Amino acid sequence: MKHVKQDLAKSTGRAHLIMHPQDNVTTLLDDLCDLTALIGGGSVSPGISFGHKAALEAISQGSSIIKYNVTIGHATQNIKAGEHVHVHNCR
Amino acid sequence: MSTIAAESQRTSSKDQVMGKDRDSPFFQGYLRSDGRVGVRNYLLILSTISLTNRWAELAAAGQENVVVITGDFLRGLRGEDAAGQEDVLAKLIDHPNVGATLILCFDRVSGKNWQDRQAGHKRPARILVLMDQAGMSGAVKKAQTTVSELDTLCRQATRSPQRLSSLTVALECGGSDATSAICANPAIGRFVERLVRAGGTAIISETAEFIGAEDVVRARAVSPMVANKALAFITAADQRTEEDGDRYRGVNPTRENIEAGLTTLIEKSMGAICKIGELAIDGCLEFAEQPSKTGLYFMDTPFFSPVSLTGMTAAGAQITLFALGVFNPSGNPLTPAIKMCGNGKTLSHWADSIDVSLDGLVDGAITLADAQEKVAKSVAEIASGKQSRAEFWGEGQIIIPKTTALI
Chain G
1 MKHVKQDLAK
11 STGRAHLIMH
21 PQDNVTTLLD
31 DLCDLTALIG
41 GGSVSPGISF
51 GHKAALEAIS
61 QGSSIIKYNV
71 TIGHATQNIK
81 AGEHVHVHNC
91 R
Chain X
1001 MSTIAAESQR
1011 TSSKDQVMGK
1021 DRDSPFFQGY
1031 LRSDGRVGVR
1041 NYLLILSTIS
1051 LTNRWAELAA
1061 AGQENVVVIT
1071 GDFLRGLRGE
1081 DAAGQEDVLA
1091 KLIDHPNVGA
1101 TLILCFDRVS
1111 GKNWQDRQAG
1121 HKRPARILVL
1131 MDQAGMSGAV
1141 KKAQTTVSEL
1151 DTLCRQATRS
1161 PQRLSSLTVA
1171 LECGGSDATS
1181 AICANPAIGR
1191 FVERLVRAGG
1201 TAIISETAEF
1211 IGAEDVVRAR
1221 AVSPMVANKA
1231 LAFITAADQR
1241 TEEDGDRYRG
1251 VNPTRENIEA
1261 GLTTLIEKSM
1271 GAICKIGELA
1281 IDGCLEFAEQ
1291 PSKTGLYFMD
1301 TPFFSPVSLT
1311 GMTAAGAQIT
1321 LFALGVFNPS
1331 GNPLTPAIKM
1341 CGNGKTLSHW
1351 ADSIDVSLDG
1361 LVDGAITLAD
1371 AQEKVAKSVA
1381 EIASGKQSRA
1391 EFWGEGQIII
1401 PKTTALI
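If you read the protein sequences in the order shown, they are chains G and X. Just so you know, the first sequence maps onto residues 1 to 91 in my numbering. Just so you know, the second sequence maps onto residues 1001 to 1407 in my numbering.
Isolated chain G (complex conformation) (with noise of 0.2 Å):
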């Protein structure tokens, strides 16, 4: 694994990491529950806790959610890009 160093003086969204380049989920790793920009771009839902899940874009109903590079998971509903990825959407 290799790790970038986030420039924590431009920091102007949450802080995030995107295990593989090929997945379609990040980890927000900030309490930073208000803000609704990732650093680096793209959008957030608020209020999404730190170590869990947003999707880095839109994943329709049945498709997979990948993580690590494999799908660790289905959508069971529409998911929107920046929305909460968890046990209530995820199997």
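Treat each hint with caution, since some may be false.
Stated by the list, open to error - With a straight-line Cα cutoff of 20 Å, these simulated EDC-like cross-link-like pairs (lysine to aspartate or glutamate) come out:
hint	chain 1	residue 1	chain 2	residue 2
1	X	K1345	G	E57
2	X	K1141	X	D1021
3	X	K1345	G	D31
4	X	K1293	X	D1021
To be clear, the hints were calculated from the coordinates, so they are not data collected in a lab. Bear in mind that the values here come from a model prediction, so they are computed numbers and not experimental data.
For chain G, the structure is supplied; the task is to place chain X on it using the hints.
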């Protein structure tokens, strides 16, 4: 956007030789007569059956350097469970971290059995039988006197410089959350790569944690035979969860995992496997089976940490590398657990229960190489005698899985 590039290189653990680690001393340990090295010199009071648990507890009261093991050790076990229970207890008595043992039995037949088993063993052991005593008061006094005698013998053992290759390390993660896969597990993975390449041994377990990671396990196994054995373990665990239907939702991933953001078992498995870094799996072990060669092993155990730690301790692990996300109080009475964590909240709330902080990996303040150094330093210190936090709190139980109903 921050990304982690997945590395695809896989190397067999035997290929790389780390000259420095192979020759230089890494820690101060107790060299036992069977060639194994202890990181501790515990005086063990082992209650071989639950009937003698109180006797063991009373005998231990007020004594220093004593570890008491009182489990749910039973009569009425059937089939392999009876032999399995005795086998694990024998392995605990023989464990390299144990300097001397007081073996407490209930009946004379059991006492004779353990006497015969201990014949020819070099490390001091005494067997006491409750039915030979007259009254609990006398029984406790007799046990306490025996502990004092054993203590004198135990203290004759001394530490000497030992190599990294003397270590067999149990790998564990508890309270997994998103930081486990980013911080604690990969940091452990880097150290385990170093350990195994230097000629040491590591054991990963908790078979159900690998459901969903079958392709990764297949790719990592050093041979098709090893892959098939590991996959057979995982398939069996998967079938058991399917037979029980939806009942595992909330059991694995656990409620704490889900609260912390882990959604599915596959997601949890992918994080868990970071603990083995880039290493190949050299072999598979049954519960409590001792490896015959060095390397990285996959042991078939239940997913509950006290049970998996029991299996890996019985196999000879002297130290546990324990990755935390949210807090988890597991440990093992004979194997000091080194708790490491990358979650800032957990580190702050549970500062008195965690040994190594790795939250610098979350924002890239430290590199994985730095993290490995931190882990290695902690292992060297704790192996050489520094008490781990889990050890200070006395965490852990011996729990032996049963496969059949009791008589």
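- For which of the previously enumerated hints does the structure constitute a violation, in increasing order of number? Hints 1 and 2 are the ones this structure does not satisfy, whereas the remaining hints hold.
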